[in-house]
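First residue of the sequence shown? That's 67 in my numbering, and the numbers climb one at a time after it.
These are computed hints drawn from the structure, not numbers from a lab. Nothing here was measured: the structure is a model prediction, and the numbers come from that model. Please note that a few of the clues may not be correct.
[As the list claims (entries may be wrong)] Okay, derived cross-link-like pairs now, DSBU-like style, lysine-lysine, Cα gap no bigger than 30 Å in a straight line:
| id | residue 1 | residue 2 |
| --- | --- | --- |
| 1 | K406 | K584 |
| 2 | K80 | K837 |
| 3 | K399 | K584 |
| 4 | K848 | K804 |
| 5 | K837 | K804 |
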Amino acid sequence: MRVGSQALPPGTPKQQTVLAMLACNAGQLVSVEQLVDELWFEDPPPSAIPNVRTYAANLRRGLEAMLPGREVLIRARDGYRLDVECSVVDLCAFRAEVAEARRLLSGDEREAVRLLSRALARWRGPMLTGIALGPQLSAQVAAAIEDRLLATEFYGELQIRLGCHGEALPVLRELLIRHPLREPAHLLLMQALHLGGDSAGAVAAYTAARRTLREQLNVEPGAELQRLYGRIVRHEGRPRPAEAAEAPEKEPAASVGHMQRLLFHLPRTVPDFVGRADAVEHLLSTTLRAGEHTCAVHLIDGMAGSGKTTLAVHVANRLAYRFPDAQLFIDLKGHDPAEKLHPAAAIAPLLRQLGTPASRIPPDLEGRLDQWRRELAGRKVIVVLDNAADAAQIRPLLPSAPGTMVIVTSRRRINGLDVDPPVSLPLFAPAEGVALLASTAGADRVAAEPEAALAVVESCGHLPLAIRLAGSRLAHRPNWRVADLAKLLASNARRLDHLTSGDRSVAGAFAASYASLKEPAQRLFRLLSMHPGDEFGLLVASALSGLPLDDTVGALDGLLDCHLIDESAVGRYRMHDLIRQYAHDLSSRVDQVNVRRSALGELLDLMLHMSLAAADTVERSRIRNHVSLGPPRRPDLVGTQHELADKWLETERVNLVLLVGRAHEWGHHQQAWQLARVLWRFLFTRGCYDDIVVTNLQGLAAAETIGDEGAVAVMHNYLASAYLRTGNYSGALANLEKAVEICQRRGDLMNLARYQANLVAIYWILGEPEKAVTAALERLRKGVISDADEVATHLPNLGLALALLGRYDEALRVHRLHLYLGRQLGSQFHLLNALGHIGAVKCRMGQYDVAARALRTALAMRERTGHRYAEPEVRNDLGVALRGLGRAGEAVRQHEAARRMAVDAGEPHVEAAAINDLALTLAGSADNTTLIDLHREALRVATRIAHPYEQGRALAGLAEHMRSIDPAEARRHWARALAIFRRMGVPEQFDVARRLAESAAPQPSGSGLSTAADTSSPRPDTI
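Starting from the given sequences, assemble the full structure and let the hints guide the process.
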C-alpha cells in the first residue's frame, strides 16, 4: 500500500491478510468474525479476537503515520472499516471504471475504450501475491481474475467495433497465452484478424483453438466459432464490425423500432440507479458469456427492500439491445400465498405481452406451455419474473430454446432449479447509501451535511428502500436539514413510521414476507425481538419459541428462505435492525405481555445454566457460594452444548452482557444479578472491564429492587474490581466499603473476609502498602480465608504490596506459594498470574535473565489460553528485564505494546507505568526534550487517577532530566517525589533523597547527568 512515495510497512503475514480483507472491502464494515474466519478458517485459537485487534491496531498506527491528521482505519461496532475513496483502491477503481465503460456501450464507445484501458492498466501483476488466502479472499481473487478476463475481452470487442483491429490483437493474444480455453477470446481474435484482412491468420487461430479445446477438454469449438470459421473459408464478405458473429437477418429499422415499442413491457427504470456495480457487472458478463447457444437464467434474491426488482429492470434495460424481439415482465406475487399466481395464470399475460390474442390462448396449462415455448422459439427475448415464490412456480415458465434471458427475483431462497447460483443482494455500502440519498433528496443538500447523511443511512440500516423513502421524505420538506431527518430517525421507537411514502413503506415490505410464513415461524420471528443481541444461535431460538430443536430448525429455515434473518456463520443467525424493530412492533401488538416476559424467562434460564456450567471451569466451585440455580427448564437444550467453555462464553459474550440489562428491564431481577455475577471472572480475565461495570451496575439495581442485601454486596464487590483496574480508585473503595458494611450487618463472615481481603489491593495502589500488608496478613493468620482457591486469589495482593515496600524475599515466597497453589488447583489463570508476579519481583532484584524467562512464559500461557488479564503489566515488566539485559530496542517495543494495550483496555495506571519505563529505557538514546515529555505525560495520567507511586516516579524522572536545564525546578520535583515515597514507605525514597542532596551541593565542572533514573524501580503488577 502506497501514499505518494511512502509505503506502508507490510507487517506480519496475518497483518497483511487483515489489510487485504479491509482493502478488498474498502468503505464497508468487515467484522472481527470475518477476519477470524479468514485468518484461521479451520481452528481459530482462543486468542484469535485479541490478535485481530492487535493486527488492526498496528495497521492503524502505520496508516496514521502515512496520513497524519486523518482516521483511515475506523473501528465501528464489532469490526473495522477502511475509510478511503473507491478511486484509491485499485480493485474498486478497476470495477468502477469497467462498469462505467459498460454504461457507455450504447453511447460514447471511444470513451469506454479509454476507461477500459485505464482499468486494465491497474493490474500490475497477480492479485495479493504472497498473502495467505483464506476462503473469503480466495473467492475475491477468483472473482477479480474473472472480472479482469471479461474486461479484457470487452476491450478487444470494442476495439474491433471501432475498427482498431491492431489494438485488439496483442491484448487478446496475451490473454490466450495465459487462458487458452476461453472461447470468447478465441472468437474475438479470429474477428480481429479477419476484419483486419488476415483471413489466413484467422483460420490459423481457429485451428489452434480447436486443437487446444480437443486436447485439453475433448470438446469441439462452440457454434459461434464454427460459424465464423465457415464464413471465412467460404470467402464470404467481412462481417460488419458491430457484429459479434453471424446473426439472423434483421427487419428494417422502422419495423424493428415499431415492434420494440409494441413488445416492451418492462416497468419504468429509476433514472438514478445507484450502486450494485458488482451485481450488474456479474449479470451482464454472465449473460454475454452465455452467448446465443443457451438460455441464460439469473436468480436475484434478498430481503424485502433490497432493490431486487430495481436491479432486474435496470439490467434488462441494459441488455435490451441484445434481446430486441421483446422485453416481458410479470409480478408472480410469490410473497403472498393467497395471491400467488399459478403457472397457468402467469403464462396468459406473458403470451398477451407477446401479442397473442386472448382467443388463441389455450385454457389448460399444457396447452399454454406448448404455445409459450413455440412463441419464444427463434426470438431473442428478455423475461423478468418478479416476486417468485418457489421453484415449482418458476420451472414451467423457463424457456427451453436458446436466445432468451430470464431474470427471476424473489424474497425467498429458491432451490431446485438447475441454474447458476443466485445473486444475493447485500445491504448497501455507506457510500452507496449516501449516493442514493443524494439522488433522492438532492445532491447539494446531502453534500452540505455529509455526517448527517451518513447517520440517515445508518438509521435506515443501509437498506435501499428505507434510504429511498427517507430521501423522499426529505425532498418534500425543503426547510428541513439532513440533520433534522437524522435526528427523527435516531429513535428506534417510531423509526418505521417515518420510513413511508404514499402506499409504500418498509414495514409493508416486511409484512409481505412475514405473511408467507407458517404459524410456528411467525411466532418465532416475533419472539426473537426479545433477544437483545445482534446474533443468536439455534438454542436461543428454541428457548424463546418453546419449540423442540428439530421444529426450531424448520422455523429458522423458513425465516432464512424469506430473508428475514441471515446466517452469519454455521448455526449463527442475524436479524437486520429494521426487521428487528418490525418484529418488536409486531410482537407488541400480537403477543400478550406475559407471553413475551415468559419467553425471555425461558431464555434467561437457559443462558444462566449454560453460563454457570462454563463459569465453573473458569472460577471453580467458588461461584456456587453466590449463585444457586434449580434444575433447568429445558434440559434438552442445556445438554446439547459441546463447545469449550471459554469458546462458548466468547461467542455469546456480547449477548450475555446485553441480556443482564434486558432481564432487569423486564422484571427478571434475580436472574439479572445472578447472570452479572456468573460472567464476572470470564470478563475479568479477558480485560472487559467496561462490561463488568455495565453488568454489575444493572445487577446492583436489580438486587436492590428485590431487597436482596447479599446480592447487593456481591455486586458492589465486583464493581470495585473493575473500577480498580480502570483507575477509579475512589469508586472501588466506596463499593468495597459498602460490601463490607452489608456483610458486617448481616453477620456474613465468609464474604466479609473475602471483601476485606480485596481492600488490600486498593490500599497499596492508593499509596498505603504497609496498611495493605497488615490487612492481608491479618486475614490469612486468622484463617477466615482457608479455601485453597480463595487463598490463591488473595495472595497476589500481599506479594505486590511486599515488593513495593522492597521486601523482595518475602514477596517471592508469597508468589511462589501462589504458583504452588495454582498447580495444585490446575488453574492456568493462577499459574500465569503467579509467573508474571515472580518475574516482576526478579526485575526489582536485578535478576533480569530469570525475570525475562518467567515473564515470557506468562505471556505464552496468555496467548495459549486467551487470558488477557494483566498482559500490559507483564509486557512492561518484560521491557524492564530486557533493558537490564542491554536489549533496549526490544525493551522499547514491549513498553510501547504495553502502553497501547493499556489505553485500549482503559487501564490508566498501567499506561502511566509503561510511559515512565519507556522514558527510562530511552534515557541513553533519546534527547532530553523527548524524555521530559514522556515523564510529563506519565505524571498527567497518574495525577488524573490519583496514583501516587507513578506520580513519584514521573517526578523523579522529570527532575533527573531537568537538572541541567532548570536546577531549581528539578529540586522541586525531587522534593515532591521524596514526599510521596516517604509517605508510602517505599525504598525509592533513599535514591531520591540522595539525588536531592547532591543537587544542593556544588557540581564539578563538566559533570554529566546522573544515571539514577536508569535504576528506578519498575511499577509492580496489580490485580
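Against the structure, the hints:
1. K406 to K584: Answer holds: K406 to K584 is near 15 Å, not above 30 Å.
2. K80 to K837: violated (48 Å)
3. K399 to K584: holds (17 Å)
4. K848 to K804: holds (22 Å)
5. K837 to K804: With a Cα-Cα distance of about 19 Å, the restraint between K837 and K804 holds, given a limit of 30 Å.
Against the hints set out earlier in the document, a violation occurs for number 2 only.
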